[in-house]
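Residue numbers (my numbering), protein chains in the order written: chain D, 1 to 114; chain P, 1 to 114; chain H, 1 to 114; chain S, 1 to 114; chain C, 1 to 114; chain F, 1 to 114.
Hints in this document: simulated from the structure, not taken from any laboratory. There's no promise every hint is true.
In the PhoX-like style, the derived pairs of lysine-lysine whose C-alpha atoms are separated by at most 20 Å in a straight line are [said to hold, decoys possible]:
#	chain 1	residue 1	chain 2	residue 2
1	F	K47	S	K47
2	H	K7	H	K29
3	D	K77	C	K47
4	S	K3	S	K77
5	F	K72	F	K5
6	S	K77	F	K47
7	H	K77	P	K47
8	P	K29	S	K5
9	S	K5	C	K15
10	F	K72	F	K3
11	D	K47	C	K77
12	D	K3	F	K5
13	P	K15	F	K7
14	P	K72	P	K7
15	P	K77	H	K47
16	H	K47	H	K72
17	F	K29	C	K29
18	C	K29	S	K3
19	D	K47	D	K29
20	P	K5	P	K72
21	D	K47	C	K47
22	D	K5	F	K15
23	H	K29	D	K29
24	F	K72	F	K7
25	F	K5	F	K15
All of these numbers come straight from a predicted model, not from anything done at the bench.
6 protein chains.
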Amino acid sequence: MSKEKIKEFGEYRAKMNERILAQDNLVIKRLFNLDTNTYSEGALSSKVKEMLGLVSSMVLRCDDCIKYHLEKCYEQKVTTAEIMEVFAVANIVGGTIVIPHTRRALEYWELLIN
Amino acid sequence: MSKEKIKEFGEYRAKMNERILAQDNLVIKRLFNLDTNTYSEGALSSKVKEMLGLVSSMVLRCDDCIKYHLEKCYEQKVTTAEIMEVFAVANIVGGTIVIPHTRRALEYWELLIN
Amino acid sequence: MSKEKIKEFGEYRAKMNERILAQDNLVIKRLFNLDTNTYSEGALSSKVKEMLGLVSSMVLRCDDCIKYHLEKCYEQKVTTAEIMEVFAVANIVGGTIVIPHTRRALEYWELLIN
Amino acid sequence: MSKEKIKEFGEYRAKMNERILAQDNLVIKRLFNLDTNTYSEGALSSKVKEMLGLVSSMVLRCDDCIKYHLEKCYEQKVTTAEIMEVFAVANIVGGTIVIPHTRRALEYWELLIN
Amino acid sequence: MSKEKIKEFGEYRAKMNERILAQDNLVIKRLFNLDTNTYSEGALSSKVKEMLGLVSSMVLRCDDCIKYHLEKCYEQKVTTAEIMEVFAVANIVGGTIVIPHTRRALEYWELLIN
Amino acid sequence: MSKEKIKEFGEYRAKMNERILAQDNLVIKRLFNLDTNTYSEGALSSKVKEMLGLVSSMVLRCDDCIKYHLEKCYEQKVTTAEIMEVFAVANIVGGTIVIPHTRRALEYWELLIN
Numbered sequence: 001m002s003k004e005k006i007k008e009f010g011e012y013r014a015k016m017n018e019r020i021l022a023q024d025n026l027v028i029k030r031l032f033n034l035d036t037n038t039y040s041e042g043a044l045s046s047k048v049k050e051m052l053g054l055v056s057s058m059v060l061r062c063d064d065c066i067k068y069h070l071e072k073c074y075e076q077k078v079t080t081a082e083i084m085e086v087f088a089v090a091n092i093v094g095g096t097i098v099i100p101h102t103r104r105a106l107e108y109w110e111l112l113i114n
Numbered sequence: 001m002s003k004e005k006i007k008e009f010g011e012y013r014a015k016m017n018e019r020i021l022a023q024d025n026l027v028i029k030r031l032f033n034l035d036t037n038t039y040s041e042g043a044l045s046s047k048v049k050e051m052l053g054l055v056s057s058m059v060l061r062c063d064d065c066i067k068y069h070l071e072k073c074y075e076q077k078v079t080t081a082e083i084m085e086v087f088a089v090a091n092i093v094g095g096t097i098v099i100p101h102t103r104r105a106l107e108y109w110e111l112l113i114n
Numbered sequence: 001m002s003k004e005k006i007k008e009f010g011e012y013r014a015k016m017n018e019r020i021l022a023q024d025n026l027v028i029k030r031l032f033n034l035d036t037n038t039y040s041e042g043a044l045s046s047k048v049k050e051m052l053g054l055v056s057s058m059v060l061r062c063d064d065c066i067k068y069h070l071e072k073c074y075e076q077k078v079t080t081a082e083i084m085e086v087f088a089v090a091n092i093v094g095g096t097i098v099i100p101h102t103r104r105a106l107e108y109w110e111l112l113i114n
Numbered sequence: 001m002s003k004e005k006i007k008e009f010g011e012y013r014a015k016m017n018e019r020i021l022a023q024d025n026l027v028i029k030r031l032f033n034l035d036t037n038t039y040s041e042g043a044l045s046s047k048v049k050e051m052l053g054l055v056s057s058m059v060l061r062c063d064d065c066i067k068y069h070l071e072k073c074y075e076q077k078v079t080t081a082e083i084m085e086v087f088a089v090a091n092i093v094g095g096t097i098v099i100p101h102t103r104r105a106l107e108y109w110e111l112l113i114n
Numbered sequence: 001m002s003k004e005k006i007k008e009f010g011e012y013r014a015k016m017n018e019r020i021l022a023q024d025n026l027v028i029k030r031l032f033n034l035d036t037n038t039y040s041e042g043a044l045s046s047k048v049k050e051m052l053g054l055v056s057s058m059v060l061r062c063d064d065c066i067k068y069h070l071e072k073c074y075e076q077k078v079t080t081a082e083i084m085e086v087f088a089v090a091n092i093v094g095g096t097i098v099i100p101h102t103r104r105a106l107e108y109w110e111l112l113i114n
Numbered sequence: 001m002s003k004e005k006i007k008e009f010g011e012y013r014a015k016m017n018e019r020i021l022a023q024d025n026l027v028i029k030r031l032f033n034l035d036t037n038t039y040s041e042g043a044l045s046s047k048v049k050e051m052l053g054l055v056s057s058m059v060l061r062c063d064d065c066i067k068y069h070l071e072k073c074y075e076q077k078v079t080t081a082e083i084m085e086v087f088a089v090a091n092i093v094g095g096t097i098v099i100p101h102t103r104r105a106l107e108y109w110e111l112l113i114n
């Protein structure tokens with residue numbers, strides 16, 4: 001997996017989000033808005049919230065959601081040791097069924113930090 | 001994603017269904033039969049039932065099931081505005097974890113209608 | 001299970017929703033609002049949308065969500081034959097793991113209609 | 001939890017299954033039939049199949065399904081050591097989220113064998 | 001729900017954990033041990049890890065796991081405003097299907113802090 | 001899908017497991033160890049345990065986990081008729097949402113045995 005993958009993933013996401021929003025469905029538009037607000041600074045820092053988003057995506061086993069939150073964690077300066085502890089909670093709570101997603105998650109994380 | 005994708009998906013599905021049924025496991029054969037009956041006209045129209053199948057596939061986050069029911073919805077003349085409202089229910093009930101599947105779903109839907 | 005159960009369930013739901021909203025968390029308040037909007041008349045009728053909400057709750061196996069949408073389906077004049085077809089889709093898509101929830105769902109439905 | 005609980009659970013299940021089947025929905029009737037056939041002797045013994053049903057119910061976290069398959073495992077003369085190994089697979093694959101269900105499962109199992 | 005509920009829940013958990021461990025299944029014993037280690041201080045604080053455990057339990061919709069992590073969050077001095085933001089992430093990522101669990105979660109939290 | 005796919009899958013898994021373990025997170029290292037122990041001979045044979053692992057992976061719908069347990073079942077001399085009965089339990093318990101995973105599972109199984 002090359003660095004190019006990050007760009008491709010971001011572009012596909014942006015392109016399809018635009019097409020979804022262009023459909024002008026009010027509920028979906030508001031949900032997208034709300035999604036952004038959820039992770040802003042509050043009683044908890046954005047950094048902690050992004051880790052909450054990451055662990056949720058892992059136990060629910062959604063690879064694209066995992067990648068998205070890994071990018072956000074990277075922006076929030078989460079360290080690799082911290083990421084590994086998020087992975088640990090996800091694997092203990094969610095079980096070995098989370099392992100294949102952890103493989104892809106670490107691969108993507110190493111792409112981000114290198 | 002090109003129109004070719006619809007054909008490829010249908011061919012793989014048909015080929016593997018045939019190989020599964022060739023194994024002659026009675027329970028699986030009957031379940032496949034039952035699956036077809038589920039969506040036939042009854043107290044509810046096939047159109048409504050296919051939308052029920054679609055929203056279920058979305059909240060359970062199965063891309064292939066989503067594609068299958070999108071094809072069936074298309075045959076049942078579900079409009080794009082109606083599809084977007086099915087997507088809205090799926091995203092509200094199932095949460096933002098459904099968004100990546102919604103991206104791929106809209107992409108496939110636009111392939112079907114164009 | 002007596003008719004009293006419907007009232008109790010409604011009262012608990014109302015009481016706790018109030019306490020949740022009293023916490024003044026903006027994201028949750030907006031999500032609660034959005035939830036109500038999702039099922040209003042649009043390209044699809046409220047009746048169809050409530051059945052979409054019901055089938056989603058069944059395959060995700062949330063008893064309280066099932067009860068809530070059964071009440072809404074009842075208000076929308078969904079018939080028992082139609083409800084049974086929603087149950088059928090849920091059981092076929094979601095598997096026999098949905099059966100225990102179907103038992104409780106039918107029990108609650110019969111309470112509503114009698 | 002007393003021995004009475006086993007009888008109550010069986011009676012509720014029987015009563016509601018009867019009411020579901022009385023609705024005469026063909027798809028649901030056939031699915032119920034199919035469910036019974038799934039666990040009959042075949043290439044695999046009923047004993048192994050019931051353990052497959054149990055572990056599936058545990059990772060999907062359905063308490064009523066777990067109880068049902070525990071009863072069937074008991075009829076098939078599964079030992080407590082074997083049951084514990086089924087629990088172990090369920091907890092490793094499904095994660096610590098399965099622990100609360102394992103508590104209730106062991107409680108029910110001990111009721112069955114004592 | 002009275003304060004007594006917290007004690008009852010703790011006692012049942014302790015009693016059944018003991019009975020599970022008494023079965024001497026090595027895999028389960030080690031998993032229980034590992035579970036405790038997961039939330040100890042490391043690159044991330046125990047406080048953050050307990051919030052990660054809480055949000056995971058919420059999106060996976062396990063009421064007993066939620067209660068357990070709420071107790072641990074309370075010990076870690078998580079504030080009510082912080083808890084509400086964990087709830088917000090869980091509801092956005094996991095959808096409205098998480099709402100009934102949020103009702104019970106807030107009820108239990110208020111029991112803990114009062 | 002060619003025989004080469006089995007090798008590729010094994011290599012990716014081995015490479016990423018190594019990178020995960022290189023991170024030296026104690027919880028994850030122990031969980032990986034525990035995972036191996038879970039399927040060793042005990043009160044139940046490794047053969048039965050691998051089938052338990054397979055059916056769990058199918059109802060939780062994790063393709064990589066399914067492939068892994070199919071390989072292990074093949075090593076344990078599970079026959080095709082037996083595999084089909086595991087598939088049957090998975091499809092009945094988990095519903096038609098498991099069908100797309102069954103297609104890919106049979107394809108991978110036929111690659112293993114031919």
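Hints versus structure:
Using a Cα cut-off of 20 Å, the hinted pair K47/F and K47/S holds, with the two alpha carbons roughly 14 Å apart. Pair hint K7/H plus K29/H does not hold up; C-alpha atoms about 24 Å apart against a cutoff of 20 Å. About 19 Å separates the Cα atoms of K77/D and K47/C, which keeps this hinted pair within 20 Å; it holds. Taken as a hint, the K3/S and K77/S pair is honoured in the structure, with Cα atoms around 19 Å apart against an allowance of 20 Å.
With a C-alpha separation of about 16 Å, the suggested pairing of K72/F with K5/F holds against the 20 Å cut-off. Among the hinted pairs, K77/S with K47/F is consistent with the structure: their alpha-carbon atoms are about 19 Å apart, no more than 20 Å. A C-alpha spacing of about 19 Å is found between K77/H and K47/P, which places the hinted pair at or below 20 Å, so the restraint holds. Taking the CA atoms of K29/P and K5/S, the gap is about 37 Å. The hint is violated against a cut of 20 Å.
Using a Cα cut-off of 20 Å, the hinted pair K5/S and K15/C holds, with the two alpha carbons roughly 19 Å apart. Among the hinted pairs, K72/F with K3/F is consistent with the structure: their alpha-carbon atoms are about 16 Å apart, no more than 20 Å. Restraint check: the Cα-Cα separation between K47/D and K77/C comes to about 19 Å, which is no more than 20 Å; the hinted pair holds. Straight-line distance between C-alpha atoms of K3/D and K5/F comes to about 24 Å, which puts the hinted pair past the 20 Å bound.
Between K15/P and K7/F, the direct Cα distance comes to roughly 24 Å. Violation of the 20 Å bound is thereby established for this hinted pair. Of the supplied pair hints, the one linking K72/P and K7/P holds, its CA atoms being roughly 14 Å apart against a limit of 20 Å. Between K77/P and K47/H the CA atoms are separated by roughly 19 Å; this keeps the pair inside 20 Å, and the hint holds. For a cut-off of 20 Å, the pair hint linking K47/H to K72/H stands: about 8 Å separates their Cα positions.
With a C-alpha separation of about 16 Å, the suggested pairing of K29/F with K29/C holds against the 20 Å cut-off. For the proposed pair K29/C and K3/S, the alpha carbon gap of about 28 Å is over 20 Å, so the pair is violated. At most 20 Å may separate the alpha-carbon atoms for a hinted pair to count; K47/D and K29/D exceed this at roughly 25 Å. A threshold of 20 Å between alpha carbons decides the hint, and for K5/P with K72/P the separation of about 16 Å falls inside it, so the pair holds.
For the given pair, K47/D sits about 14 Å from K47/C by alpha-carbon distance, which is consistent with the 20 Å threshold. Restraint check for K5/D and K15/F: satisfied, since their Cα atoms lie roughly 19 Å apart, inside the 20 Å limit. At roughly 16 Å between alpha-carbon atoms, K29/H and K29/D fall within 20 Å of each other, so this suggested pair holds. Of the supplied pair hints, the one linking K72/F and K7/F holds, its CA atoms being roughly 14 Å apart against a limit of 20 Å.
This hinted pair checks out: K5/F and K15/F have alpha carbons roughly 15 Å apart, not beyond 20 Å.
The earlier numbered hints that this structure contradicts are 2, 8, 12, 13, 18 and 19.
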